[in-house]
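If you read the protein sequences in the order shown, they are chains A and B.
Each residue of the first sequence is one higher than the one before, counting from 1 in full-length UniProt numbering.
Each residue of the second sequence is one higher than the one before, counting from 1 in full-length UniProt numbering.
Any given hint might turn out to be false.
Because identical chains cannot be distinguished in the list, a pair is counted as satisfied if it fits within a single copy or across any two copies.
Said to hold, decoys possible - For lysine to aspartate or glutamate, the following EDC-like pairs were computed, each having C-alpha atoms within a straight-line distance of at most 20 Å:
1. K4 to E61
2. K121 to E229
3. K203 to E149
4. K78 to D49
Simulated from the structure, these hints should not be mistaken for laboratory data.
There are 2 protein chains.
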Amino acid sequence: MEKKITVLPGDGIGPEVIAAAVRVLKVIGKRYNHDFQLAYAAIGGAAIDQFNNPLPEKTIEMCKESDAILLGAVGGPKWDNNPAELRPEKGLLNIRKTFDLFANLRPVKAFPSLLDASPLKREVAENVDLMIVRELTGGIYFGEKHRTEDEASDLNVYSRQEIERIVDKAFELAKLRKGRLCSVDKANVLETSRLWRQIVEEKKEQYPEIAVEHNLVDSVAMKLITNPEHYDVVVTDNMFGDILSDEASVITGSLGVLPSASIRSDHFGLYEPVHGSAPEIAGEGIANPAAAILSVAMMLRYSFGMTVEAEEIEKAVDDVFNDGCYTADLVKNGEPSFTTDEWTDKVIAKIDSNFVIDCIMESYI
Amino acid sequence: MEKKITVLPGDGIGPEVIAAAVRVLKVIGKRYNHDFQLAYAAIGGAAIDQFNNPLPEKTIEMCKESDAILLGAVGGPKWDNNPAELRPEKGLLNIRKTFDLFANLRPVKAFPSLLDASPLKREVAENVDLMIVRELTGGIYFGEKHRTEDEASDLNVYSRQEIERIVDKAFELAKLRKGRLCSVDKANVLETSRLWRQIVEEKKEQYPEIAVEHNLVDSVAMKLITNPEHYDVVVTDNMFGDILSDEASVITGSLGVLPSASIRSDHFGLYEPVHGSAPEIAGEGIANPAAAILSVAMMLRYSFGMTVEAEEIEKAVDDVFNDGCYTADLVKNGEPSFTTDEWTDKVIAKIDSNFVIDCIMESYI
Ligand SMILES: [Mg+2]
Ligand SMILES: [Mg+2]
Numbered sequence: 001m002e003k004k005i006t007v008l009p010g011d012g013i014g015p016e017v018i019a020a021a022v023r024v025l026k027v028i029g030k031r032y033n034h035d036f037q038l039a040y041a042a043i044g045g046a047a048i049d050q051f052n053n054p055l056p057e058k059t060i061e062m063c064k065e066s067d068a069i070l071l072g073a074v075g076g077p078k079w080d081n082n083p084a085e086l087r088p089e090k091g092l093l094n095i096r097k098t099f100d101l102f103a104n105l106r107p108v109k110a111f112p113s114l115l116d117a118s119p120l121k122r123e124v125a126e127n128v129d130l131m132i133v134r135e136l137t138g139g140i141y142f143g144e145k146h147r148t149e150d151e152a153s154d155l156n157v158y159s160r161q162e163i164e165r166i167v168d169k170a171f172e173l174a175k176l177r178k179g180r181l182c183s184v185d186k187a188n189v190l191e192t193s194r195l196w197r198q199i200v201e202e203k204k205e206q207y208p209e210i211a212v213e214h215n216l217v218d219s220v221a222m223k224l225i226t227n228p229e230h231y232d233v234v235v236t237d238n239m240f241g242d243i244l245s246d247e248a249s250v251i252t253g254s255l256g257v258l259p260s261a262s263i264r265s266d267h268f269g270l271y272e273p274v275h276g277s278a279p280e281i282a283g284e285g286i287a288n289p290a291a292a293i294l295s296v297a298m299m300l301r302y303s304f305g306m307t308v309e310a311e312e313i314e315k316a317v318d319d320v321f322n323d324g325c326y327t328a329d330l331v332k333n334g335e336p337s338f339t340t341d342e343w344t345d346k347v348i349a350k351i352d353s354n355f356v357i358d359c360i361m362e363s364y365i
Numbered sequence: 001m002e003k004k005i006t007v008l009p010g011d012g013i014g015p016e017v018i019a020a021a022v023r024v025l026k027v028i029g030k031r032y033n034h035d036f037q038l039a040y041a042a043i044g045g046a047a048i049d050q051f052n053n054p055l056p057e058k059t060i061e062m063c064k065e066s067d068a069i070l071l072g073a074v075g076g077p078k079w080d081n082n083p084a085e086l087r088p089e090k091g092l093l094n095i096r097k098t099f100d101l102f103a104n105l106r107p108v109k110a111f112p113s114l115l116d117a118s119p120l121k122r123e124v125a126e127n128v129d130l131m132i133v134r135e136l137t138g139g140i141y142f143g144e145k146h147r148t149e150d151e152a153s154d155l156n157v158y159s160r161q162e163i164e165r166i167v168d169k170a171f172e173l174a175k176l177r178k179g180r181l182c183s184v185d186k187a188n189v190l191e192t193s194r195l196w197r198q199i200v201e202e203k204k205e206q207y208p209e210i211a212v213e214h215n216l217v218d219s220v221a222m223k224l225i226t227n228p229e230h231y232d233v234v235v236t237d238n239m240f241g242d243i244l245s246d247e248a249s250v251i252t253g254s255l256g257v258l259p260s261a262s263i264r265s266d267h268f269g270l271y272e273p274v275h276g277s278a279p280e281i282a283g284e285g286i287a288n289p290a291a292a293i294l295s296v297a298m299m300l301r302y303s304f305g306m307t308v309e310a311e312e313i314e315k316a317v318d319d320v321f322n323d324g325c326y327t328a329d330l331v332k333n334g335e336p337s338f339t340t341d342e343w344t345d346k347v348i349a350k351i352d353s354n355f356v357i358d359c360i361m362e363s364y365i
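Chain A on its own, in the form it takes in the complex (with noise of 0.2 Å):
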């Protein structure tokens, strides 16, 4: 196949993580015979020093032109005290409204060799493989704003097409995962709530393989913690998306390595590290890249429907892992720690062995 890749490495980190994705991307590439092209352009504050513009215009072209956008991370305290439009976060809220990326796809899974560092005791998160949907384009953060001396509004509000988008997007996650979705929301007081629980009943018809439960956000507030293995896909709207994706990011103690994806109805999107730039480690070579190595793995399988090469992708960050092998900010008492090119070079030597297993494999059968 042939793909045209957007790469936004951003700030402080995100050259280095990304130039570390970028390698596994091209192994994979060499492997399965696809063309990934390359095209790399500003965003954030590498954009506002260039260009007076956290998202300039020929990086919107770029992206159009594109099939997906891989991107680094933004931001870094030389920026902090500009105005409003020329902050690096910007960039990135840009982006987002530009394409109309209304779905973040916010996964969370469970790397055994990394639960000591959760704060849930190793029964609870081991098995957790979950995924937060939650609508990122609508309801109150986006609606209507008041404010008087004595009084301060907001208006939470959602259309009947911005709801059955984000639904339909769920389903089909839900179709590639382990058939399960857990719609949320406040429908005992929230009337957005009545509107999309609604929808969702209604557009469970077709989708007859998928096992569909209503939950209180408060409800799920509380199972995150103590049974967080009861759910694959979650969808839910702006807000409580916001809260319980950031929640459901801390329980497996692996929040460096967590990708992200923003995505739309035609399968174009924007995948992205959890973690942000971490300025202060940033041209040391020492960042962990699996996160935006993850990140290429959820472009392959969700923008280019790539199923085996993401799984390739994942199952050597999963060996990795297993064989104790740690970049600086995961590594243990005693341990070695390793660079962001050696751990790199580790992943790509595990998809290498893979491959050639898999090739015997093949050459048995």
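Place chain B with the ligands on chain A using the hints.
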């Protein structure tokens, strides 16, 4: 002191745990020479059965003449199919509204002997001692709602006066506790949150002894899991408080023993266990009375200013747990379980013996 208390046993295990709590209350009254005048009234399902009204006028009148309300629990399958106005829960909602009980206090404290039941690692949960203060009568749950075929909306609205009174209450509570206040909002996107944050900033001048911080709600959802002992008093709006108080309630494994209060500015308040009516074990005499007993302690502290008496009860409950005495819900493998009455006897015996020790200590000084 002379205090009038309206006792509303309610449904399910409500009457049993309230009977236990009242026994403890009477012991404290005797020990400390307080005249607690108790008057019983109907609420919830019991009131529907007797008066066809989940909150009869007579109950309201009695509550009006009292200094505090002690409530058991409401609800049960018997009334599940009733119309909305004849649901037991309506009695609770109406009493909060009638008496303008705008501040919901939800303390969460780790009991060392219950930490095995926590989903969190012992070292993460063992020093937890926090209180979520939730605004209970305003915000998006009560704002204007609209619905068409293709759109739904809910208005989140807060007046300065609504925010000021809950923030004042939270500062007062922080003074009675460890002197730290965390105000939770989403001020980077919500107008209501910006007004909220501004008012906390204004108010903090009046409470120079309190250390104040502002946290975003998504960040608190994370930190309640990764570092819950960071928090003392946490104040937030109705919806954020709904989510965070439920999340916080499961971190120490002691959900079944948590008390709560709904109070207003003049110290009048309603005290009740967080647990529900548990109809499946009602009438068996095995319900855990700890939450109801601890609700009495909250009443003594927050409505009557009886700090020493409240601590006496809390210490006794602590001691009984530390002795390894549990009701059936908490009993661990192979340990004996105690009935509601037996467990209450143990608490009263602790109060008695602690009292004797206190008297001896005093006679030596
Ligand atoms: Mg967030
Ligand atoms: Mg709740």
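K78 and D49: within-copy, between-copy, both or neither at 20 Å Cα: Classified as within: same-chain Cα gap 10 Å, cross-chain 68 Å, threshold 20 Å.
Homo-oligomer pair classification [E229, K121; C-alpha up to 20 Å]: both (13 Å within a copy, 17 Å between copies)
20 Å Cα threshold - placement of E61 relative to K4: Answer is within: at 13 Å inside a copy they meet the 20 Å cutoff, but 73 Å across does not.
Homo-oligomer pair classification [E149, K203; C-alpha up to 20 Å]: between (44 Å within a copy, 16 Å between copies)
Violated hints for the displayed structure: none, as all numbered hints are satisfied.
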